[in-house]
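Residue numbers (UniProt numbering), protein chains in the order written: chain A, 1 to 314; chain B, 1 to 314.
In short, the hints are calculated from the structure, not lab data.
A quick note: this is a predicted structure, and the numbers were derived from the prediction, not measured.
It is possible that some hints are incorrect.
Reference listing, derived: stretches of chain B covered by chain A, where coverage requires no fewer than 3 residues with Cβ under 8 Å from a Cβ of chain A [claimed, not checked]:
1) 19-32
2) 217-225
3) 261-270
4) 290-300
5) 303-310
By construction, the Cβ of each residue, glycine as well, lies at the ideal position given by its N, Cα and C atoms.
There are 2 protein chains.
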Amino acid sequence: MTAAGLPMAVPAQDLPARVRIHEVGARDGLQNEKSAVPTEIKADFIRRLAESGLTTIEATSFVHPKWVPQLADAEQLFPRVRDLEGVALPVLVPNERGLDRALALGARRIAVFASATESFAKANLNRTVDESLAMFEPVVARAKEEKIHVRGYLSMCFGDPWEGPVPIAQVVRVCRALLDMGCHELSLGDTIGVATPGHVQALLAALNESGVPTDALGVHFHDTYGQALANTLAALQHGVTTVDASAGGLGGCPYAKSATGNLATEDLVWMLHGLGIETGVDLGRLVATSVWMAAHLSRPSPSRTVRALSHKES
Amino acid sequence: MTAAGLPMAVPAQDLPARVRIHEVGARDGLQNEKSAVPTEIKADFIRRLAESGLTTIEATSFVHPKWVPQLADAEQLFPRVRDLEGVALPVLVPNERGLDRALALGARRIAVFASATESFAKANLNRTVDESLAMFEPVVARAKEEKIHVRGYLSMCFGDPWEGPVPIAQVVRVCRALLDMGCHELSLGDTIGVATPGHVQALLAALNESGVPTDALGVHFHDTYGQALANTLAALQHGVTTVDASAGGLGGCPYAKSATGNLATEDLVWMLHGLGIETGVDLGRLVATSVWMAAHLSRPSPSRTVRALSHKES
Chain A
1 MTAAGLPMAV PAQDLPARVR IHEVGARDGL QNEKSAVPTE IKADFIRRLA
51 ESGLTTIEAT SFVHPKWVPQ LADAEQLFPR VRDLEGVALP VLVPNERGLD
101 RALALGARRI AVFASATESF AKANLNRTVD ESLAMFEPVV ARAKEEKIHV
151 RGYLSMCFGD PWEGPVPIAQ VVRVCRALLD MGCHELSLGD TIGVATPGHV
201 QALLAALNES GVPTDALGVH FHDTYGQALA NTLAALQHGV TTVDASAGGL
251 GGCPYAKSAT GNLATEDLVW MLHGLGIETG VDLGRLVATS VWMAAHLSRP
301 SPSRTVRALS HKES
Chain B
1 MTAAGLPMAV PAQDLPARVR IHEVGARDGL QNEKSAVPTE IKADFIRRLA
51 ESGLTTIEAT SFVHPKWVPQ LADAEQLFPR VRDLEGVALP VLVPNERGLD
101 RALALGARRI AVFASATESF AKANLNRTVD ESLAMFEPVV ARAKEEKIHV
151 RGYLSMCFGD PWEGPVPIAQ VVRVCRALLD MGCHELSLGD TIGVATPGHV
201 QALLAALNES GVPTDALGVH FHDTYGQALA NTLAALQHGV TTVDASAGGL
251 GGCPYAKSAT GNLATEDLVW MLHGLGIETG VDLGRLVATS VWMAAHLSRP
301 SPSRTVRALS HKES
């Protein structure tokens, strides 16, 4: 720790020089809040995240409001933030109707969300895995025509609450399908947080063997069992340079049964900067943003770095 | 995750086959509790930890009761647990008087605690680093005569709250002094939790270069900034096979300013078993023990694995 509350930088061998953080707090985080956050607060949140140096900030979702009422204000929110300079603002899009809405507002990056398991495809999308891929196909095809960048989320890449451990070959098959369809990058999700570092590296190696280059892959770890940062280190050691995280660890209260426990961006930044890896993020400003948002949500951030640094200041 | 709430084992390359967990919850954990835990509960706790498969359980401290009133019952506690079969029960000993007390009760393993920084040596022991080493010298010499195993704790190996980053050469010097004095193993402590994986590997490499073999080294990480498990992975990759952890993450409430945030044994075991590394620990029994202790302390365990697995059962 330096005097300024920053980690001391001691690089490790064979790690990337720079990591792009894909910030999901405003979407993945806030979509799990019990009561919807006011649109103006969301817009402020995104602006503050951008001022903290984050350059990829997932803004909202164009899922039908019936399913995610917390993000039903996408039409009102997106225009408030879309002109932020130097920031990519991907939005979640489940189908062609969602794509229409996103395009009408000028979105330039979208994300579709698939599942590696049948159980979760059924639970989340009410479709089989292949039916959901068929649903995404015309979305991705049109996005390509419009020269829109497409990210493919893949849930349950390691374990599934109904099915247990997920076979690596099954994950590889869906990844290949998403890339063949035209997705530019994938985000490998450990939705229930059960993965460990060897499993992470085994999946990444299997994807490489199937012809998927590491630079098309991002990782999305949950801290349900406290493994997210160790898994991230394993992914960095494999060459991954895109890491999803949620400011302040937003996304399901870690004290509730429904805990999703997104990796907190601040805990990630502490490790990355400690490793001498550039992120462009100003950790102090990011912590201040999460403290501000925690006040709006009336509960403390579960991020350990946010707690440590905000206690230090108080 | 398997059906039984255990991680799926996927080994990674170049990691040890087995790790010895040095369980510190009963000593390092409980010494930070505001009100002392009854002796019988402590004894039960240690028995339950042993039944969970832990084989090194730090039992208590023979520091003067004035300094650590929470462990003032060492004389009453130790006889209650000393005959546990197959379990090593090290006790903390600050000086010759403490050693006398420990030996009188039949302790066969002791630990002394030094600091890598002058500021913490002054704050914790009211001595310079060299004065504290001089205090330990006759303790270690007598322990050797008695064929007692001696562990040397070294605090503030990475950062210090007063001094900031701690130079590696300074840590190496005190490590060498403790080993030359006769300590059998060292525990490298990140007392304020600021370390990151590159720093961990750099310190371990520097110690090796100074002639300290890795098998004389254990690591003791705190989760203050969420880095403990990633740092542990880095240490395992360097060949470390002794890892300190605290059942349930006991040791300073992580929600308080004074948070120490010991690495939770359960989070560690989840990772180790996920990596296919043997520990001898039955994770379900250990979680049950931490849930039981949390009930006695009237607050939830900060361990994410304890929370996830105990919610699963309820």
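These are the hints, each one checked on the structure:
Judged by the Cβ-Cβ criterion of 8 Å, the segment 19-32 of chain B is not covered by chain A as claimed, because only 0 of its residues qualify and three are needed. As drawn, the segment 217-225 of chain B meets chain A at 3 residues by the rule of a beta-carbon pair under 8 Å; at three or more, the given contact holds. Coverage of a stretch by a chain is defined here by at least three residues with a beta carbon nearer than 8 Å to that chain's beta carbons; for the segment 261-270 of chain B and chain A the count is 4, and the condition holds. Restraint check on the segment 290-300 of chain B versus chain A: 1 residues with Cβ-Cβ distances below 8 Å, three needed, restraint violated.
For a cut-off of 8 Å, the count of residues in the segment 303-310 of chain B with a CB near a CB of chain A stands at 5, and the three-residue condition holds.
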